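J.: Protein chains in written order, with this note's numbering: chain A, 1 to 465; chain B, 466 to 930.
Since the hints were made in silico from the structure, they are not lab data. Treat the numbers as computed from the prediction; the structure is a model and nothing was measured. A hint or two may mislead.
Stated by the list, open to error - In silico EDC-like pairs for lysine to aspartate or glutamate, Cα to Cα no more than 16 Å straight-line:
(1) B/754 <-> A/293
(2) B/754 <-> A/292
(3) A/289 <-> B/903
(4) A/289 <-> B/761
What the hints assert, rightly or not - Computed Cβ-Cβ distance ranges for the label pairs, DEER-style:
(5) A/402 <-> B/490: 47 to 53 Å
(6) A/306 <-> B/917: 41 to 47 Å
(7) A/178 <-> B/917: 17 to 23 Å
(8) B/699 <-> A/292: 53 to 59 Å
Note that CB positions come from ideal geometry on N, CA and C, so glycine has one too.
Here's the letter readout for the chains.
There are 2 protein chains.
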Amino acid sequence: MTVAAPVRPVSSKLFDDLRARFGERFSTAAAVREHHGKDASYHAVAPPDAVVYAHSTEEVAATVRLCAAAKVPVIPFGTGTSLEGHIAAVQGGVCIDLSQMTRILRVSTDDLDCTVEAGVTRKQLNQHLRDSGLFFPVDPGADASLGGMAATRASGTNAVRYGTMRENVLALTVVLADGRVIRTAHRARKSAAGYDLTRLFVGSEGTLGVIAEVTLRLYGIPEAMRSAVCAFPSIEAAVATVVATIQAGVPVARIELLDAVQMDAVNRYAKLEYAVAPTLFFEFHGSAKGVDEQVETVRDFAADNGGGEFRWAASTEDRNKLWQARHDAYYACKALRSGAEVWATDVCVPISRLPECIAETAKDLAAAKVVAPIVGHVGDGNFHLCFVLDPANPAEFDEAKRLNARMVERALAMDGTCTGEHGIGLGKTEFLIAEHGEAVAVMRAVKRALDPDNIMNPGKILRMN
Amino acid sequence: MTVAAPVRPVSSKLFDDLRARFGERFSTAAAVREHHGKDASYHAVAPPDAVVYAHSTEEVAATVRLCAAAKVPVIPFGTGTSLEGHIAAVQGGVCIDLSQMTRILRVSTDDLDCTVEAGVTRKQLNQHLRDSGLFFPVDPGADASLGGMAATRASGTNAVRYGTMRENVLALTVVLADGRVIRTAHRARKSAAGYDLTRLFVGSEGTLGVIAEVTLRLYGIPEAMRSAVCAFPSIEAAVATVVATIQAGVPVARIELLDAVQMDAVNRYAKLEYAVAPTLFFEFHGSAKGVDEQVETVRDFAADNGGGEFRWAASTEDRNKLWQARHDAYYACKALRSGAEVWATDVCVPISRLPECIAETAKDLAAAKVVAPIVGHVGDGNFHLCFVLDPANPAEFDEAKRLNARMVERALAMDGTCTGEHGIGLGKTEFLIAEHGEAVAVMRAVKRALDPDNIMNPGKILRMN
């Protein structure tokens, strides 16, 4: 499924210059290019013409300067775990692999913040913080790089309590399309000084610049943390429990829905024995007394909706195991069917519309010709379908495409968004237009202003040509 | 102190067209223009050439379209309570007064959000919400319009717990520089769909477009709320209590510092009898037990630092009185000296640097030739000086300018910002450059892309000429 030759010719001078500068950290090997042309999505491989492994912001800037002079596309690459073809080199170009930029530049326990190079992953950061009493909460399923997470405005299971990358990035160091390096903000918790460039680059998917360093908020590890799993007689009952919890303002740290198909997949993949039923995974953070209060309130809501017993993860190890099972949902789906391709898609709606949105989507799936577990960060109104597809069967992809479009249209009609956390990438450019209308013209104007030659990850978010 | 004639000539055709459309809601009367040319800051009056009172987004758009055709500046006006000359018509032009756009378009108690026209003030909104069990927390000192608060990225006493306008605006309806109307986002709590236009317009001070409608997050009124006042032997002791509280992750709703000079001013203005000493104002929100826990923790920190007894505001009425006293700090300063002009300025630094930043600023003030109480949202690392000046004495303004510059330079050197919440306006354009360096070029590029003729509130944030 490799796509055709690059749209823009790459001069041999550019490659000579990059090779001279980066030596063995510059590669045009087919295997390296293929690896960098495919993310965790269903999108076809689109290999870059070459890959540079950068070791510093200055090396990123030098690469961008050379590419800019040659008007050759630049595609930033973290861990390749994006879900909408974000790193596919659809117009060829040079991939900048930031995965070796793994320095943790600074941690301030007093200010509850840190600065890391873009290649540090969320687990590496939390490993580093282990003895500090602090943690970083944003946790997409994959162990993604923090630069990539900023670039895609990633989120995860803790967002309902701690926010997404939008709320948790304090500042970025960004290499612009001409190689200039800017820092978007200082470290103050709030600022009214000019345009919010931090938030402009968060979620820009490499189309406005390459994120090279990230300054993040950190949080004290709560005094008490308790996790539980609770099965429900129906998806509706589970979702009603979520809506009641959010509307009551319970500061739940995590509240995740897995439907019966997904629970079955998780049981098989992680060798667990949960009930094969619509299930909520909970986590509560706070003081010991505060957590008790939260648990009491939420248990009442669950009971009102016919929920079963709360099955508690007592030890830290059990808690980690429980959440690993949740994070492995994608891989569990993949393992459902040998050789399967997984197409993961997500939408997000106002919480009052969530029951209806999920119910109608579930009805679609019941009548569908493909399997797609429902799993979601339902406290945010956000849920996913993971289509489990036969890569050799285009009819299955067509069916997934139809169901995805129906789900997105439904979410938009409910004043929701076509993606809560996966981003636009290649796959949702048309839905972006459906969602934002004339506002997309403003996005285009910003893109043209900051990247007049359209070399920064072209073809993603916006089609400029 | 009226400034000279407008830089750009206004055609009589534009005025004829506006008069034809708006009738008595179009005015060129001197008193109306003067009123719209001066905010609550020390900046000179700069009246617009005319004022339009808009009643709808479409009327705002029609006005902008006419001004755009004539290349005449447009200055949005809410309540005129900005603090850096944001509404001064320094290049003349047409002021669009949005204060009559006061419809509350929608409240969703289920989704904890609402949409209002830009002219609704924060107190009007909370009055409207009174019986719903919800409230909107962002509270700058003045009863500002929510459109103006979004435009200046306003904040206030609750930001330490609930965030600023950055976190609390879900979507905006914006009239662009050519009169097109966009909505920046749908109502989902999170989205990864394209550039974050909401955050781009929040804090853009009318320089990229006119905010006509605002969709806001709301919060359930907490089960328990308790407020207290506690005096300290020194500013250092008070600030140390704040730093300990924040570092311990206590979810305090408000934690405000007033120095002895400010307490004296507040006592006189509000006829209160607090100790004339560095003082913290606290508020705790949560469940009854949760609030008790928070109080216990913070009282220990205060005691460790030599704080006195907590003086509690028992009733809602007492609590409101306490916070009104805090919100009136600006007016209390003004009342310290008959006929005084108040120059309010603010900075924000990482919390670990706050003690040093305030201590050095206090040392400056002790040796200064002007009076300037210190008051601050110290939980965010944010504090203010309110210079109380004789408008007839330029030497006092020079002294304030010197002290302000020293405070800003100090904050920037500590990786802080030149303004935590007042904005750049006219007064801090040079400090913006000092803070952001090359990133200001990115802001300029965005400004040029969205407002090529520089008609949107020209001269604010960025000097484009």
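J.: So, for every hint listed, does it hold in this structure?
T.: Hint-by-hint comparison with the structure:
With a C-alpha separation of about 9 Å, the suggested pairing of residue 754 of chain B with residue 293 of chain A holds against the 16 Å cut-off. For a cut-off of 16 Å, the pair hint linking residue 754 of chain B to residue 292 of chain A stands: about 11 Å separates their Cα positions. Taking the CA atoms of residue 289 of chain A and residue 903 of chain B, the gap is near 49 Å; set against the 16 Å cutoff, the hint is violated. Distance hint between residue 289 of chain A and residue 761 of chain B is fulfilled; the C-alpha atoms sit about 13 Å from each other, no more than 16 Å.
The given range of 47 to 53 Å is respected by residue 402 of chain A and residue 490 of chain B, whose C-beta atoms sit roughly 51 Å from each other. Here the CB-CB span from residue 306 of chain A to residue 917 of chain B is close to 60 Å, at odds with the stated 41 to 47 Å. At about 20 Å, the CB distance of residue 178 of chain A to residue 917 of chain B agrees with the hint of 17 to 23 Å. A hinted range of 53 to 59 Å is violated for the C-beta pair residue 699 of chain B and residue 292 of chain A, which are about 39 Å apart.
In summary, the structure is inconsistent with hints 3, 6 and 8 from the numbered list given earlier, while agreeing with the others.
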